[in-house]
Amino acid sequence: MEINRHYFDTVIIGSGLAGCRAAIECINHGTVGVLSKLYPTRSHSTAAQGGIGAALGNEEEDSPEWHTYDTVKGSDFLGDQDAIEIMCYDAIPTIIELEHMGVPFSRTPEGKIAQRRFGGHTKEFGKAPVRRACYSADRTGHAVLFALYEQCQLKGVRFFQEFEVLDIVIENNAVQGVIAVNIKDGSIHVFESKAVIIASGGYGKIFKVTSNAYASTGECLSMLFRQGLPLEDMEFFQFHPTGLYGLGILITEGARGEGGILINGKGERFMERYAPTIKDLAPRDMVSRAILTEIRQGRGIDGKDYVYLDLRHVDKKILEERLPEITTFCKIYMGIDPSESPIPVVPTAHYAMGGIPTDNDGRVLRDVDGSVVYGLYAAGECACVSVHGANRLGCNSLLDTVVFGRRAGKAASEILKSNTRGRVSKERIQAVSDCINMLKNSTGRETVASVRKDLQSVMMDKCSVFRTEEGLKTVIEEIQKLKERYKEISITDKSKTFNTELLEAIELGHMLTLAEVIACSALQRTESRGAHCREDYPKRDDENWLKHTFAFQTDKGITFKFKPVKITRFKPEERKY
Amino acid sequence: MEKYYTFRIKRYLPDKNPSQRWDEFRIKLNSMERVLDGLIKIKETRDGTLTFRKSCAHGVCGSCAMKINGKNRLACQTLVKDLPELIVIEPLPSLPVIKDLVVDMTLFFEKNDRVLPYLINDEPPPERERIQSPEDQHKILESITCIMCGSCTTSCPVFWADKEYLGPSALLKAYRFLFDTRDRATEQRLEKITGEHGVWRCHSIFNCVEVCPKEIDITKHILKLKRMAVKKGFTGGER
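Chains as they are written, first to last, in full-length UniProt numbering: chain A, 1 to 577; chain B, 1 to 239.
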């Protein structure tokens with residue numbers, strides 16, 4: 001077997017916002033190779049629509065302290081307050097820096113960065129909504145990603161596009177490098193490095209209806225988990241309230257920020273009942289539950305399983321200028337014009353609050369006591385700092401990627417001086433190659449598509465917005481069966497060239513691993529907090545559960561350890577809006 | 001409403017059979033489904049070797065650009081109800097085919113790299129954002145919506161004839177920075193786009209405008225570039 005070897009001081013997995021921002025930091029200190037399974041500007045970051053949060057105060061008075069409070073409260077008090085404070089105070093210089101890098105933000109009449117309202121963002125500790133989300137129409141992720149990628153090009157970051165990572169090699173508690181396949185020709189490449197930064201994004205594809213791209217399958221998290229490293233707070237998966245009915249395509253919260261309202265089958269603005277102060281701009285977990293409650297109680301549109309997002313009263317000029325993309329989506333995919341007809345929406349799987357546990361500088365933790373894996377970093381949606389706790393506020397995810405992407409890059413650059421170059425053993429490469437051969441040579445009768453479809457369905461039905469012990473136990477049993485079926489998978493494409501069937505089979509194996517972690521984490525947390533809603537335990541239980549869960553793979557199956565939440569300024573209080 | 005559609009797909013499987021062929025698949029789709037849904041259905045149920053790129057599935061990432069019934073489009077943004085029962089699918093034209101509908105886009109991206117595709121401003125940055133009026137931001141508004149799917153450049157007859165031609169996408173990228181009030185590399189960039197294979201090669205054929213999935217009037221932007229080049233005295237190259 002021919003192996004292509006590469007050496008970079010830092011290897012970054014993923015070329016979305018977190019990966020590109022980290023790369024810009026690292027390139028000043030050594031060589032950087034960025035691996036992406038897509039072409040770089042096609043990362044899922046590009047789909048982020050509504051905004052990136054920072055208390056710039058460009059449109060009205062604001063402060064990073066209010067932003068911190070909102071984020072802590074939004075997280076249902078599970079976010080670590082030291083990390084949240086870093087993010088919200090760093091937000092201002094971070095946005096200014098992005099603007100200097102060329103991000104084409106929408107502007108106020110005076111030429112400053114324009115800002116709009118977003119769910120859960122308020123002034124004076126919850127009094128009223130505030131304009132905090134900086135945006136570039138409804139293509140904010142696209143605008144920021146392009147600017148970051150362009151700066152990477154300017155600085156000479158080397159991109160390996162359409163390379164899929166097959167293994168992240170950790171030996172003797174230190175990262176050694178990464179094994180990847182060049183999708184174009186099937187060749188195996190080994191990247192040895194001093195530091196590895198994982199910025200591989202989310203894994204919404206585990207669910208049937210999701211706003212996530214096909215590429216968001218989460219294999220990097222699973223690769224660490226299978227090596228005995230923990231995953232943190234995996235029970236918390238955010239459903240975005242306004243996915244386009246039947247498709248899951250996102251309709252940005254910015255639509256409600258610009259005045260859109262949700263209405264049920266009786267024509268009522270139902271959010272008034274659930275969050276009287278900020279109504280349709282309540283955090284996503286609350287709005288998602290409210291919508292599904294309306295539907296369950298028979299108040300969906302015409303008794304069906306969706307509600308309307310109504311933008312008909314919003315000035316047509318605002319729709320054209322600030323929400324052009326979603327207007328187009330509605331026209332193309334639903335055949336409706338949002339200025340004339342309300343949009344049918346339903347919650348869609350959107351964002352993973354849980355992930356690879358890290359400290360505030362992106363160092364990957366290997367236990368609850370703060371010990372780290374030497375040379376290994378993670379940032380962005382794949383990581384859990386944790387700034388989002390049990391529920392992420394809208395426009396904080398882009399902020400998270402850039403702030404902690406930069407911090408991870410900075411920390412990784414520091415280690416370059418002392419760390420030695422990693423070595424990837426022949427055995428590890430052989431194991432990857434064996435796995436590929438096994439999948440290629442399997443003669444079983446299962447297909448990737450059928451196992452994946454069943455996994456996505458059971459996760460959607462029993463492990464999404466509402467959960468119960470019985471349902472979760474069913475999910476875990478089903479996943480065991482699916483794992484058995486996975487062993488019988490065979491693929492028809494045996495070729496080396498652009499073998500997407502093989503890659504999908506590998507991804508599916510990792511999706512099964514992650515789904516089990518999510519379901520087991522959800523089963524053990526016997527309370528309702530943020531996005532994790534247990535109907536059999538409807539109350540938040542601070543006495544027993546004000547703590548992070550760390551899931552570990554052991555011989556006895558998945559086991560849990562716990563880490564206290566870092567509380568600095570804001571004591572937990574009842575979450576009312 | 002469900003209906004049968006015939007997908008006639010140009011195939012190229014280099015490991016198996018290095019010659020191209022056409023395959024037909026008859027599949028049932030409902031009218032609101034996309035061409036991409038059809039391709040996925042075929043891959044999942046009929047032929048696992050069928051290969052195409054995909055990711056976001058709602059027209060923002062640009063992965064699934066291909067030729068559908070003679071026109072470059074995004075498979076995720078084209079509903080089958082808007083097409084006849086026979087749907088003919090080919091890879092984007094004029095780039096080397098890697099496999100089936102997957103083309104090698106190296107040449108396409110290299111062209112973008114040639115126009116200095118990044119904001120250049122070496123002046124010490126102010127403490128806050130650089131002020132840019134909404135009117136000035138509007139000048140680049142259309143150009144920043146480009147998703148680099150490659151539909152425009154690969155539909156351009158000039159590019160078919162001259163592989164060195166920068167092409168609509170790269171020129172649009174140049175526009176995006178040349179008309180950004182914050183950029184300071186006007187001369188450098190004009191130098192890059194006014195050579196023999198640059199902006200003067202555009203003959204306003206409008207194929208790029210016709211196929212752009214983001215409805216960007218690329219030709220209009222290229223015209224503005226020409227005007228700027230003349231104004232600044234960059235009249236060299238073939239005109």
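If you are wondering where the hints come from, they were derived from the structure by calculation, not from laboratory data.
A couple of the hints might just be wrong.
[As the list claims (entries may be wrong)] Only pairs whose alpha carbons sit at most 30 angstroms apart, straight line, appear in this in silico DSS-like list of lysine-lysine:
id, chain 1, residue 1, chain 2, residue 2
1, B, 16, A, 496
2, B, 28, A, 208
3, A, 494, B, 10
4, A, 208, A, 316
5, B, 139, A, 155
6, A, 453, B, 10
7, A, 426, A, 487
8, B, 41, A, 440
9, A, 487, B, 41
10, A, 571, A, 561
11, B, 224, A, 184
12, B, 224, B, 71
13, B, 81, A, 316
14, B, 139, A, 453
15, A, 184, A, 561
16, A, 316, A, 304
17, A, 440, A, 496
18, A, 563, A, 473
19, A, 331, B, 71
20, B, 71, B, 81
Now the hints, each set against the structure:
no., hint, in the structure
1, 16(B) to 496(A), "holds (10 angstroms)"
2, 28(B) to 208(A), "holds (21 angstroms)"
3, 494(A) to 10(B), "holds (20 angstroms)"
4, 208(A) to 316(A), "violated (34 angstroms)"
5, 139(B) to 155(A), "holds (27 angstroms)"
6, 453(A) to 10(B), "holds (28 angstroms)"
7, 426(A) to 487(A), "holds (25 angstroms)"
8, 41(B) to 440(A), "holds (21 angstroms)"
9, 487(A) to 41(B), "holds (23 angstroms)"
10, 571(A) to 561(A), "holds (23 angstroms)"
11, 224(B) to 184(A), "violated (38 angstroms)"
12, 224(B) to 71(B), "holds (26 angstroms)"
13, 81(B) to 316(A), "holds (28 angstroms)"
14, 139(B) to 453(A), "violated (45 angstroms)"
15, 184(A) to 561(A), "violated (42 angstroms)"
16, 316(A) to 304(A), "holds (29 angstroms)"
17, 440(A) to 496(A), "holds (10 angstroms)"
18, 563(A) to 473(A), "holds (25 angstroms)"
19, 331(A) to 71(B), "holds (20 angstroms)"
20, 71(B) to 81(B), "holds (16 angstroms)"
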